[in-house]
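Just need the whole structure built from these sequences, with the hints factored in.
Letter by letter, the chains look like this.
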Amino acid sequence: MSEELVFNGIDATTGNYLVPPVDSDVMAAAITGETHNAEEDAALKRWWQAYADTNSQKQEHFVAKEGTNYKDLASAGWGVIFPYNIDPAIVKALQPLLDWRKSQAGKLYKEYSGPEGYRFKPGEMYESKDEWLTRHGAGPGPVDPEVVPYYVLLVGDPEQIPYRFQTQLDVQYAVGRIYFDKPEDYWNYANSVVNAEKKNISLGKKAAFFGVANSDDAATNLSANQLIKPLSDSVSKDQSSWEIVATIGEGATKAGLKNVLGGDDTPALLFTASHGMGFPNGNEHQLLDQGALLCQDWPGPKNWHNPIGKDFYFAADDLADDANVFGLVAFFFACYGAGTPKMDEFSKQAFKQRAEIAPKNFIARLPQRMLSHPKGGALAAVGHVERAWGYSFSWGKAGTQLTVFQSALKRLFDGYPIGYAFEYFNGRYAELSADLSSTLEEIEFGKQVAPADLAGMWTANNDARNYVVLGDPFAKLMA
Amino acid sequence: MANKKSTQRPTADIPAAPDFQSADSTTPSVPAPAASTPSVPASDVDYGMLDSLRTGQANVTEAMQKFVQKLGDYLSSALDDATSLEVRTYVSEDINGVTYEKGQFSGNARLRAMTRVNIDGDSLVCVPETDGEVDTAVWQIHMDMVRQAHESRAELMKTIVSAASSLTNLFTPKA
Chain A
1 MSEELVFNGI DATTGNYLVP PVDSDVMAAA ITGETHNAEE DAALKRWWQA
51 YADTNSQKQE HFVAKEGTNY KDLASAGWGV IFPYNIDPAI VKALQPLLDW
101 RKSQAGKLYK EYSGPEGYRF KPGEMYESKD EWLTRHGAGP GPVDPEVVPY
151 YVLLVGDPEQ IPYRFQTQLD VQYAVGRIYF DKPEDYWNYA NSVVNAEKKN
201 ISLGKKAAFF GVANSDDAAT NLSANQLIKP LSDSVSKDQS SWEIVATIGE
251 GATKAGLKNV LGGDDTPALL FTASHGMGFP NGNEHQLLDQ GALLCQDWPG
301 PKNWHNPIGK DFYFAADDLA DDANVFGLVA FFFACYGAGT PKMDEFSKQA
351 FKQRAEIAPK NFIARLPQRM LSHPKGGALA AVGHVERAWG YSFSWGKAGT
401 QLTVFQSALK RLFDGYPIGY AFEYFNGRYA ELSADLSSTL EEIEFGKQVA
451 PADLAGMWTA NNDARNYVVL GDPFAKLMA
Chain B
480 MANKKSTQRP TADIPAAPDF QSADSTTPSV PAPAASTPSV PASDVDYGML
530 DSLRTGQANV TEAMQKFVQK LGDYLSSALD DATSLEVRTY VSEDINGVTY
580 EKGQFSGNAR LRAMTRVNID GDSLVCVPET DGEVDTAVWQ IHMDMVRQAH
630 ESRAELMKTI VSAASSLTNL FTPKA
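Chains A and B, in that order, are what the protein sequence lines are.
Note that my numbering gives residue 382 to position 382 of the first sequence, counting from 1, and the numbers run on in steps of one.
Note that my numbering gives residue 501 to position 22 of the second sequence, counting from 1, and the numbers run on in steps of one.
Honestly, the hints are just simulated from the structure, not real lab data.
Heads up, some of the hints might be wrong.
What the hints assert, rightly or not - Partner residues are not named here, just some residues of chain A that face chain B (Cβ under 8 Å, in silico):
no., residue
1, A89
2, A93
3, N188
4, N191
5, P230
6, T266
7, N324
8, F326
9, M343
10, K375
11, G376
12, K397
As the list claims (entries may be wrong) - Negatives, chain A to chain B, calculated, CB over 10 Å:
no., residue
13, A196
14, G327
15, D344
Built from N, CA and C at the ideal position, the CB exists for glycine as well.
The following block contains the structure:
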């Protein structure tokens, strides 16, 4: 049965949705690249035009070999992958962190730089995950930390080391990424991690859940009611020694967010769900504010038809120099919350080409600012590259699906590193990819699949794939 | 929910950053990925288990191709023959003196009647006559032969269609 799909993400310049709502039959046609009749073809074209207008006119998952101790780097290993042409100043700035990890991982510490680093030629050639692993003696399957360490930190811009390399490597390995503008930012991050771990700081057992529910907005009401509320309830029940503070709807304003993101009530773990800000390709605010968190201050799509100003959303420059995010671990469920790809993969199947949605691949400024804060940075932030979808926590007739979120958070609360905790997301991606690949093959041979089912599989697959960790994958909650 | 505790958030003790003399990071020529991949991907190697089968399969395939070629040639020729039907009736007073060469009787044989029917239905008939009268005896024999020839050709056409269908099936992928 056909159903309307509503996407997460708001265009700052118009106040409209980044992706117009679309009928699932039309979405399925976009996925398969086929339309079955003139009406469907026309609907697909209308929807695509609306989407193109929006984006252009204005402008226990067993991942390592048996016996690996995921809390111990001497067992799981830790490695850093630099682009082959890394600026030595960046390596120097990261030295405190590299030395610290080397002391923990011992012989399972690896530094991949120069010829051993990630190889690419801008715009022409980028090593795939398989090519890189093959060069270093690793094939598919469980990680052998003696060959390539389980925890892997990528250091570089997604223009140098693509997001796709990160997400594919992340299926079996625990991968995080950092990229900053200046060596001083790397220095701040490296010392923040080392400080936090060597001093074993305690931020208190406090977690904040922040759920925006804008008026007349299906996406945020869904994430507030089916993600933030039940998730915070289940965590409260499961983690009785923790103080769980849930702010949903009315209090989820920009001021409220400022209080838990750098303010007096900043917890050890912050989990937010909201729209992420989006801008037309090349807009002057895109590189700075794309992925910023739209708060409850936005009156909603029916009550607001103007561009969205900065008083409605929380961006990197809202994190003042005197803010305190030291040791924080954050999860942002929002479009572009972690970053934006240059090319949109959404149009690929139906139109045989990908539209450019940004002048380059880039990391969201807010988590960058958090991690490199001069007063002490956050240790890690998990977010979404590209748009985020409701399929992460809502699965058709099966209803609300929180097991992946609950399991990942439980691991974090149990003291596991974030890279290992979020293997649940990677396992889900692997499962969905296998299912989707199999289904598409069967369709080639004539199998009839309900459009809504196919659309759901495809969106869920992309959604699951695009969660990434920014920061050291061995970072843990400092409670 | 646990009781709210007032916790003084710690701050980081970040030492002053050293002087980062940013090295020249001009992009050197990209080292091409090592050609560590053999010409045959390792995943394609079956460690010899299927080699003999593959040889046999190749032989069968070659024989089948030859057979199909011959069958096709034959059917093509048969179809050409079937596009027209020609019946000739000869008489002879001395059968021993009759010879058959190049599709025709000669020697003591005398052609007495002939019918040619093209596939489009056009017919050409030569009727035997004796003293200005139709030789009904010869004509009756001739017409019997024409009828038999018609029946034979119908069977031949069925065979051709059937064989052609079989040929087509050989090259049609099975669902």
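Checked hints:
The restraint placing A89 of chain A at the interface with chain B holds, with a minimum CB-CB distance near 4 Å, inside the 8 Å limit. Hint status for A93 of chain A: holds, given a least beta-carbon distance of 6 Å to chain B, under 8 Å. Nearest Cβ of chain B to the Cβ of N188 of chain A: about 6 Å, under the 8 Å cut. The hint holds. For N191 of chain A, the interface hint holds, since its Cβ comes within 8 Å of a Cβ in chain B; the closest pair sits about 4 Å apart.
Among the interface hints, the one on P230 of chain A is violated; its C-beta lies about 15 Å from the nearest C-beta in chain B, farther than the 8 Å criterion. Proximity of T266 of chain A to chain B holds as hinted, the smallest CB-CB distance being about 6 Å (cut-off 8 Å). The closest approach between the C-beta of N324 of chain A and any C-beta of chain B is roughly 5 Å, which is under the 8 Å cut-off, so the hint is satisfied. Against a cut-off of 8 Å between C-beta atoms, the interface hint on F326 of chain A holds, since the closest Cβ of chain B lies about 5 Å away.
Evaluation of the M343 of chain A hint against chain B yields a violated restraint, the C-beta minimum of about 21 Å exceeding 8 Å. Interface restraint check for K375 of chain A: the shortest CB-CB distance to chain B comes to about 6 Å, inside 8 Å, so the restraint holds. Restraint check, G376 of chain A versus chain B: the minimum CB separation of about 3 Å is within 8 Å; hint holds. Hint status for K397 of chain A relative to chain B: violated, with the closest Cβ pair at about 31 Å, above 8 Å.
A beta-carbon of chain B is positioned within 10 Å of the beta-carbon of A196 of chain A; the least distance is around 7 Å. A beta-carbon of chain B comes within 10 Å of the beta-carbon of G327 of chain A; the shortest separation is about 7 Å. For D344 of chain A, the requirement that its beta carbon stay farther than 10 Å from each beta carbon of chain B is met, with the minimum near 27 Å.
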